[in-house]
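Using the sequences plus the hints, can you model the full thing?
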Amino acid sequence: MRKSRNRKQANISFNKTGYYFIFPALITMFVLIIYPLLYGVYISFFDTNLVNKWDFVGILNFKSILTDLNFYKIILLTLKFSILVVGGHFLIGFILAHALNRNIRGMAIFRSILLLPWLFPEAVIALIFKWIFNPLYGLLNHVLMTVGLTSEPISWLGSKEYAFMMLVFVCIWKGYPMVMTMILAGLQNIDKTLYEAARVDGVSKWQEFLYITLPSLKSVLTVTLVLDTVWWFKHYTMAWVLTNGGPGQETSLISIDIYKTAFEFFDFGKAAAMSVVVFVVCLAISKLYRRLLRDE
Amino acid sequence: MNKKKVKSGKLERKGNTGAVIIMLFFCVIVLLPILWMISTSIKIDSEMVAAVPRWIPETPSLVAYQRFFKDYPFLMQLKNTVIYTLCSTILIVICACFAGYGVTRFEFRGKNAFMSFLLVTQMFPSVMLLVPFYNVIKSLGLLNTYIGMILVYISISVAFATWMMMGFFKSIPLELDEAAIIDGCSRFQTFLKVIMPLTLPGIASVAIFSFITGWNEYMFTSILTTQANMQTITIGITSLNGERVMWNDMMAASVISSIPLVIVFMFLQKYFVSGMTSGAVKG
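Protein chains in written order, with the working numbering: chain P, 1 to 296; chain A, 1 to 283.
Hints should not be assumed to be uniformly reliable.
[Claimed, not checked] The list that follows gives simulated cross-link-like pairs (lysine to any residue, SDA-like), each with its CA atoms no further than 25 Å apart:
hint : chain 1 : residue 1 : chain 2 : residue 2
1    : A       : K111      : P       : F30
2    : P       : K16       : A       : G110
3    : A       : K270      : A       : A19
[Said to hold, decoys possible] Every beta carbon over 10 Å from chain P, so not counted as near; a handful from chain A, in silico:
hint : residue
4    : L86
5    : Y146
6    : V194
7    : L200
[As the list claims (entries may be wrong)] Residues from chain P that face chain A, not an exhaustive set, calculated with beta carbons under 10 Å:
hint : residue
8    : S112
9    : L114
10   : L144
No lab work stands behind these hints, which were simulated from the structure alone.
Built from N, CA and C at the ideal position, the CB exists for glycine as well.
And the structure:
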């Protein structure tokens, strides 16, 4: 480690050149990410509609959010949603990555098909499922009624019982290929001789998984877990297209709530304050993961 | 050696049947909705509301596809999508390449802060950018313009793309830089002529990632474009999502809007899968 660092420094005689290289990315991020973010934090201290009302209110927005029970309810709902979706991604991702990590003829075809959900735009996927779940002419109700599992059509996205789980299902369907790909690559990086040695020692499959596979995948899993969780925690598109957050507030994820606060109620200050809180939650989640999965 | 191979082959084969069954099961779950979309897209209006839906339509027809070109602004919106996505992808890849090279080849102050910032950006809810963006773009007079939208698309994936790119540059040994410099290349020439060609697989995967993300974009575009002729195809399709839905038209548009992505991916799949992961595994 040390050696390579020394070499690096020897190799690099002019320090400023590094800045030239990161300059394009840095300036882009400054203008397009950092500045808008700071602006967002700034707005969160105002009661504003962005046009003719700019009243400085200090931390009042935060106060009103953090004392609002409904906000906690929505955060909890979003957490439940992300845990279910990410859990689904990892369960399916693990199963399929294990299955794909073999030498079977035609494996490339399986892999291509299993990656397909990644390629379709979220809005399109939401519409396809909305059509399948359609209470009157949808495929799902027709199949269930033909088989006899239900006697009358179910309004999948319009009923409090089903809407949330349906949304979770669609989000798992859309998002598992990324996790699967990551795990598969991790599996292919594991030294095969480890397994051979374990087999000689008479280790069971489950122990193999627990003591060889999981530890070897740790670094891939940590990154994937953090990204997948925060990405889905902030998810917006499919929930919006499928249910608009309804029925009632059953599928009102935090991003949808922020969106409505800003662009339906034009309370931009409060929306920005809510975003800041979400950022803190996401940061806390990633810190928590890193602590739990840290290498000793 | 040979014996060993046969033995381990046998062991592997034992689990293969199970693996194939599992994969077949999931392939069916993946393919059913996609096939249903295609099936719906070639149905005529009256069959949409048939009491018994059929997989193969009674009278297959391309009428929905004809209407795609005639009755809706979809073609225009498809063009917009291509412009936004392609331009932003090119610019993102350029930024990511330079930054990836700079971060892996040089020591400078703020480097670690820069690198961790790339990941921290993933924690910000994009809705949070939406409010400021709306105001910034509006005050610059860039609402409903190509430049404004391309900027927005860049902001969506530039940070993650840069982070992915770093993984690739890290995997290329520094000795190559040294050799090139000894041979009389300048830093920039080394970057452009020696190192860049070696990271082509990485560039391909970063490009596909940005392309998919851009093509997927929905929220920003729905707020920041208010004119139909500046919107993207996904916005156009979802705007049909109302009380009385023409499902066949909608599915035909969905098919057309998904085809470019599938084609791009099928050609570059090899790079993408290896690339997506080598950035993450090593990063």
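Least C-beta distance from A/L200 to chain P larger than 10 Å: 18 Å, holds
With a cut-off of 25 Å on the C-alpha distance, tell me whether P/K16 and A/G110 pass. Holds - the C-alpha atoms of A/G110 and P/K16 are around 12 Å apart, at most 25 Å.
Any CB of chain A closer than 10 Å to the CB of P/S112? Given a least distance of 7 Å, the restraint on P/S112 holds.
With d taken as the least Cβ-Cβ distance between A/L86 and chain P, does d exceed 10 Å? 16 Å, holds
Minimum beta-carbon distance criterion (10 Å), P/L144 to chain A: Not OK, violated: P/L144 not within 10 Å of chain A, min 13 Å.
Should the interface hint for P/L114 be scored as holding, given a Cβ-Cβ cut-off of 10 Å against chain A? 6 Å, holds
Mind verifying the non-interface call on A/V194? Its CB should be farther than 10 Å from each CB in chain P. Non-interface label on A/V194 holds, nearest chain P Cβ at 14 Å vs cutoff 10 Å.
Proposed proximity, P/F30 with A/K111 (alpha carbon, max 25 Å): 15 Å, holds
Is the hinted pair A/K270 and A/A19 satisfied, with a Cα-Cα distance of at most 25 Å? 22 Å, holds
Status of A/Y146, Cβ more than 10 Å from any chain P Cβ: Non-interface label stands for A/Y146: nearest chain P Cβ at 16 Å, farther than 10 Å.
Checked against the numbered hints above, the structure breaks only hint 10 and satisfies the rest.
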